[in-house]
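Participant: Make the full structure from the sequences, and use the hints.
Going down the list, the sequences are from chains A and B.
Heads up: the first sequence begins at 8 in my numbering, then just goes up one per residue.
Heads up: the second sequence begins at 217 in my numbering, then just goes up one per residue.
Just so you know, these hints were derived from the structure itself, not from any lab.
Every clue listed holds true.
Computed Cβ-Cβ distance ranges for the label pairs, DEER-style: (1) A:R202 with B:V274: 50 to 58 Å; (2) B:L367 with A:R202: 50 to 58 Å; (3) B:W355 with A:F112: 50 to 58 Å; (4) A:E108 with B:H417: 32 to 40 Å.
Computed far set for chain A versus chain B, every beta-carbon distance over 12 Å: (5) K55; (6) Y57; (7) T69; (8) M75; (9) T82; (10) D185; (11) P199.
With a straight-line cut-off of 25 Å between C-alpha atoms, the simulated SDA-like cross-links for lysine to any residue are: (12) B:K315 with B:A426; (13) B:K315 with A:I17; (14) A:K176 with A:A206; (15) B:K466 with B:V274; (16) B:K315 with B:S296; (17) A:K191 with B:W224; (18) B:K411 with B:P397; (19) B:K310 with A:L18; (20) A:K107 with B:R221; (21) B:K466 with A:E248; (22) B:K315 with A:I265; (23) A:K138 with B:N261.
In this text, a Cβ means the ideal position worked out from N, Cα and C, and glycines have one as well.
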Amino acid sequence: MKALRPWLMILFWCFVSFLTLFPIYWLFVVSVKPAVELFSTPDVILTKFYWQNYIDVLNDRTLRSYMMNSLIISTGNAVLCTILGFLTCYALSRFNLPGKESIFFWTITNRMAPPAVFLLPMFLLLTQVYKIGDFSLADTRIGMILVYCTFNLPFAIWTLRPTVDGIPKELDEAAYVDGASPWKVITEVVFPLARPGLAVTLILTWVFAWNEYLLAATLTNFNARTLTTGLSEYVTTTGTEWGIMAAISVFTLIPALIVFSLVQRHIVTGLTFGAVKG
Amino acid sequence: MHSNRLGWLLLAPTMIILFFFGVVPFFYVIWVSFHQWNPFAANPNMVFNWASNYRQVVFDAQLMASLGVTFAFVFFAVVSELILGYLLAQAFMKDFPGKAFFRTIHTLPLIMAPIIVGSIWKLMTTPSIGIIPSLVQSWFGLDLNIGQSALAAFTVTVVMDIWHWTPLVTLSLIAALVSLPPDPFEQAQIDGANKRQIFWHITLPMIAPAVVATVFIRLMDALRTVDEVLMLTGGGPGSATRYIGVHIFKEVFPRTNYGYGSAISVVVLYMTIVICWLLYVGLIAPRNTKKG
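Facilitator: What follows is the structure, encoded as C-alpha cells:
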C-alpha cells in the first residue's frame with residue numbers, strides 16, 4: 008500500500024495538471040484552425056496547423072500599432088516604477104524622515120482600491136483637468152505610463168523595501184568616508200547590490216502593465232490603445248472571428264509565459280500583495 | 217548621515233505621481249458626486265445638487281441587482297477555492313517524484329492576464345465552438361448555453377475564477393502547512409485522535425492566520441473581478457453575471473452622467489472599504505491582540 012502511494016499522487020497531479028493546461032491548449036487549437044473547421048464537432052487532436060490567423064494578426068496595421076503601444080507602455084512603466092520605487096525605498100531605509108512609516112503605508116493603500124471605481128474620475132481628470140493648452144494626457148502613451156503607476160509603483164516599493172533594507176548601511180557609510188557623493192553611493196554601491204531584487208520587480212511590473220485591460224479600455228481611443236483592448240475590440244465588432252481572437256490571445260500570452268519561466272517563485276509574493284495591510 | 221532634504225528629494229517623484237493619480241482622483245470623484253454634470257444634457261455645466269445623486273443610488277434597481285450577483289459570485293468562488301486549495305495543499309505535503317514540476321504547472325494560471333483567461337474560457341464554453349458544451353451534451357444530455365441560461369453563465373464564471381485563482385490559495389496554504397511543527401500531530405496520533413479530530417482541533421487552529429489572510433486577499437480580488445467576466449459573458453445574459461465592476465464599466469461609465477456615475481463609484485468604494493474594515497476587525501485584529 009505504502010509503495011503504491013507515490014504513483015497515486017503522480018496520477019492525481021497529472022489529472023490536476025491536465026485541468027490546468029487543457030484550456031491553454033484549447034486556445035492554441037482554436038488559433039491554428041481555419042474558421043470553417045471550428046463549427047464542426049470540436050476536435051481535440053490537431054492533425055494540421057493553419058498559421059493564417061497569426062499572419063493576419065501580424066499583417067493588421069492597427070493590431071501592430073496596439074502591440075507597439077503595449078510594449079512601449081509596459082516597458083516605460085516598468086522602468087519608471089522600478090527606478091522610483093528603488094529611490095523611495097532608499098529614502099525610507101537610509102533617512103530618518105518624520106512619519107516615514109505613514110508615507111510607506113499611504114503609498115501601499117493606492118493599490119488596494121478597486122480599479123473600476125477610478126475609471127470615471129481618471130477619465131474626467133485626464134480629459135478635462137490634466138491638460139496644458141491642447142495637450143491632454145488622455146489617449147497618450149505617457150498618460151498611460153503615469154496612470155499605471157497607481158498600481159505598479161506601490162507594488163515596486165513593497166517588493167523592493169526588504170531588498171534595500173537588507174543592504175548593510177555600513178557600506179554606504181564607508182563610501183561616504185571615502186568622499187563619495189550621495190549619487191555615487193546610490194548608483195555604484197547600493198544599486199549593484201540590489202540588482203536581483205530590481206530585476207524581479209522590473210519583470211513583474213512589466214507583466215502587470217502588459218496584462219492591464221480596464222484602464223486602457225476606458226482611457227484610450229486609438230493612439231495609445233494596447234493589445235488587450237484590441238482583443239476585446241475584435242470580439243465585439245466582428246464577433247465571429249474566433250481564430251483571430253485566439254491568435255491575439257496567444258500573442259498577449261507569450262510574454263507572460265516567458266516571465267513565468269523566469270520568476271516563477273516570486274509570483275505568489277507579487278500577487279498576494281494588494282490586500283494584505285502593511 | 218546626510219540631511220533629510222536629500223531624503224525628501226528622493227521621495228518627491230513618487231509622492232507627486234501618487235498624489236496626482238491616487239489622491240486627486242479619490243477626492244475628485246467625491247466632489248463630482250455632489251454635482252449634476254452631463255456634458256450632453258441641456259445644461260452641460262457642473263451644478264451643485266447636494267446629495268440628490270446619492271438619493272438616486274438607493275433606488276437604483278440595476279445597481280442592487282448587480283450587488284446581489286456580485287456577492288453570490290464572491291461567495292461561491294472563494295468558498296470553493298478555499299476548500300479545493302486546502303485539499304491540493306495537503307496533497308503537496310507528501311513526497312513524490314516530480315512534485316516541483318507539478319507545482320510549477322499549478323502556478324501557471326496566476327500570471328495570465330484576466331482578459332486572456334476570459335478569452336480562453338469563452339473559446340471553451342461558447343456553444344458549437346467550445347469543447348465543454350459538446351462534452352456536457354454527450355455525457356449528461358444537457359444543453360449548456362452561457363448566452364441564454366443565467367445559471368450556466370454564472371456557473372462558468374465561478375468555474376473560471378476557480379481555475380484562475382485556486383493556485384494562489386494552494387500556494388499560500390502550502391507555506392502555512394510547511395511551517396507547522398510536527399510535535400502536536402505526533403502527540404495527537406499517540407493519543408489516538410482520528411483524522412477529522414486532528415484537522416478540526418490541531419491543523420485548522422494552527423493555520424487559521426494564513427487562512428484568514430488568504431480569504432482576505434481572495435475576497436478583495438474577487439470583488440473587483442471585471443476583465444475576465446466582461447470577456448466571457450459581457451455581464452449577460454440579462455444581468456446574470458453583471459458583477460459590480462462590469463456594471464460600472466458597461467452601464468455607468470458610457471452613460472456620460474458623470475455626477476451620478478461618481479456617486480455610484482463612491483458608494484462602491486465605500487462598501488469595499490467597509491467590507492475590508494469589517495474583515496479586519498472581525499478576523500485579523502482579534503488574532504493579533506491574542507498573540508500580543
